[in-house]
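Student: These protein sequence lines map, in sequence, to chains A and B.
Under our numbering, the very last position in the first sequence is 1425; numbers go up by exactly one each time.
Under our numbering, the very last position in the second sequence is 1425; numbers go up by exactly one each time.
Rather than coming from a laboratory, the hints here were simulated on the basis of the structure.
Where hints are given, some of them may not hold.
Chain copies aren't distinguished; within one or between two, either way the pair holds.
[What the hints assert, rightly or not] Listed next, the in silico DMTMM-like pairs over lysine to aspartate or glutamate satisfying Cα-Cα at most 25 Å (straight line):
#: 1; residue 1: K1407; residue 2: E1274
#: 2; residue 1: K1083; residue 2: E1418
#: 3; residue 1: K1083; residue 2: D1275
#: 4; residue 1: K1083; residue 2: D1280
#: 5; residue 1: K1250; residue 2: D1202
#: 6; residue 1: K1250; residue 2: E1415
#: 7; residue 1: K1387; residue 2: D1197
#: 8; residue 1: K1194; residue 2: E1381
There are 2 protein chains.
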Amino acid sequence: MSFLDQITEPTLLLNEQIARTNLHRMAEKAKRQNVKLRPHFKTHQSWQVGEWFKEAGISAITVSSVKMAQYFARHGWQDITIAFPLNRRQLPQIAELAQQITLNLTVTSADDVAFLREHLSTPVNIWIKADTGYGRTGIKTEDTAVLDAVLQELAQTKQHTFLGFLAHAGHSYKARNHKSIAAIHQDTLTKMRGLKERYVGTWPQLQLSIGDTPSCSIMEDFSGMDEIRPGNFVFYDLMQNLISSCRLEDIAVAMACPVVALHPDRNEVILYGGSVHFSKDALPQADGGVIFGLVVPLTENGWEAPLPATTLISLSQEHGIVRTTPELFSQFKIGGLVGVLPVHSCLTADVAKSYLTLNGERLEHLSGVVV
Amino acid sequence: MSFLDQITEPTLLLNEQIARTNLHRMAEKAKRQNVKLRPHFKTHQSWQVGEWFKEAGISAITVSSVKMAQYFARHGWQDITIAFPLNRRQLPQIAELAQQITLNLTVTSADDVAFLREHLSTPVNIWIKADTGYGRTGIKTEDTAVLDAVLQELAQTKQHTFLGFLAHAGHSYKARNHKSIAAIHQDTLTKMRGLKERYVGTWPQLQLSIGDTPSCSIMEDFSGMDEIRPGNFVFYDLMQNLISSCRLEDIAVAMACPVVALHPDRNEVILYGGSVHFSKDALPQADGGVIFGLVVPLTENGWEAPLPATTLISLSQEHGIVRTTPELFSQFKIGGLVGVLPVHSCLTADVAKSYLTLNGERLEHLSGVVV
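One chain only, chain A, in its complex shape:
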């Protein structure tokens, strides 16, 4: 019996071999470039996928919420960075975690540091979130007065340890080729090294951490950086392919969707698979429109290359509309299954709540776990 036979609803397929290859490629690069790989686990959020990283020698990870830190701590991870601004409302949970594992927090202000000094007695490590140009959050690398103030607070905070500066060059997601990723990456390296030069005299142990998937996938030079924190690379997706971070054949997940209706008059196929299954990130197209996925034929061994000119053009809550060509239309049968490569694998995995491997094994996702 094929793993396909057990699928009755939209189901996120995970090709373990592709994911492991992506993982090893990044781990090898980190080793080659003498930088620590502290992968971001927000993409997969699965303890089983986490085990693949352990097997590749990874012992320290990144997450983006206290809940994820709790989950991976329960599954044996002993060194976790929460790369998200300190959420003061979760202080009790943070204090509990700090007693169990090496916990690294991220602050965005001197006030955050003062808060941790006054309210958290258990030692934690502290990263200062630096903004190298993304403009989402963190302290701009050129705001030296603000940075000086944070470091003054840290100097007065004896129970906690200042680790260094942590940045996420998320503006690399606007890139569409290697050249523009390289420009963003070089700018990030320059700014981060500048921070180190400024503060290393006072803080000789100061570290630098960067880590967007596009830069980590494409670039080789990480000189001066101590660690990288890419996350999406374990699965990749159509957005990363558009950015030029990966090939389509590096994408490790595909949503299997039942075909429920056919519209030959407009070459449209209705899938059971909507925005509650994919989330709603859209992929910009050359013609100014957007799509929500590429369609791949499913086989006993996983999936094949995307069908030409066959895209998921619309999502409502439970319906997906695929438009294809007159030539390919006859490939679709009501009651059959097709695969869809997702635009944003992190969000799709989050709503999928679990994975089905090509062996028919269910893997957990934190969003499907009732705590």
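Got chain A; can you put chain B on it based on the hints?
Tutor: What follows is chain B alone, placed relative to chain A:
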């Protein structure tokens, strides 16, 4: 202690009073217009919210998946329409449901009818999905040859009962005022009545079912229709407000989000609340941009009117960025909470996985239930 004190993570607040008022307004209209209200439960997906409908005299409901039908059947609902094209891969689950409750299925082809005749012995009721202009799925009302063929199959299907034609005028979501909703609604009524005229001689019991929230909220005339199936109206959202289906004060849900960072240089506030909490539907703005929510101050009694010129301008996985004015910026405090009115309450509720009422009570959402 306020219900606000227990909130540490993004949490979907539900104002029961507003939801019950929305519910009663629609139930009264249905009674007044002598049409059956068969509400769509895909918006709330909560057995507890379902009880509010029972108390308002509702006994028959609509859902959009077999899973939702199973859930509400477990919670005592005995008459359920699955308003989604028949998913043949769930035949065993459908057969099981058909033995427990009055199950109404939706078909989009003669082939679907033949499939049910051959493979499902337990009686069900069958709606033909009619397309009155939305263009998502269903048989176009003018495709009489196709409709004739489906009805011929139904005539040969003795164990199942043909109910009539079911339509969803989802193109009303493109409307932005009452006049354009009225035009779509009148067209839908005309087309549906045309179907009845054509087939009522052969099928004297034939019923007509329509039910998008914009039309059901705004229109009064449903002559000739037997039932309406709106769903979103129980909560409403910013999209319905843009369409002109509801006032902002009719919106019954708001996401409470912790404030985690402040950027006074650009009047931006970073929330713990991202695309995994809101999903990713965007609200088009007059300037061509989009927003992801309006910000409301939270109080002991729920929430106030939206702050002027204060919008959720960006969502990444866990971060939300609110942009406000210099005057209002000081209202935001790190460690505090703000509310966000969602763009699309159905999707937001689905990722929220549960609700918190203003009494501090947790209500279930099916997406948070492990079966």
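Student: Looking back at the hints listed earlier, which ones does the structure fail to meet?
Tutor: Those not satisfied are hints 1, 2 and 6.
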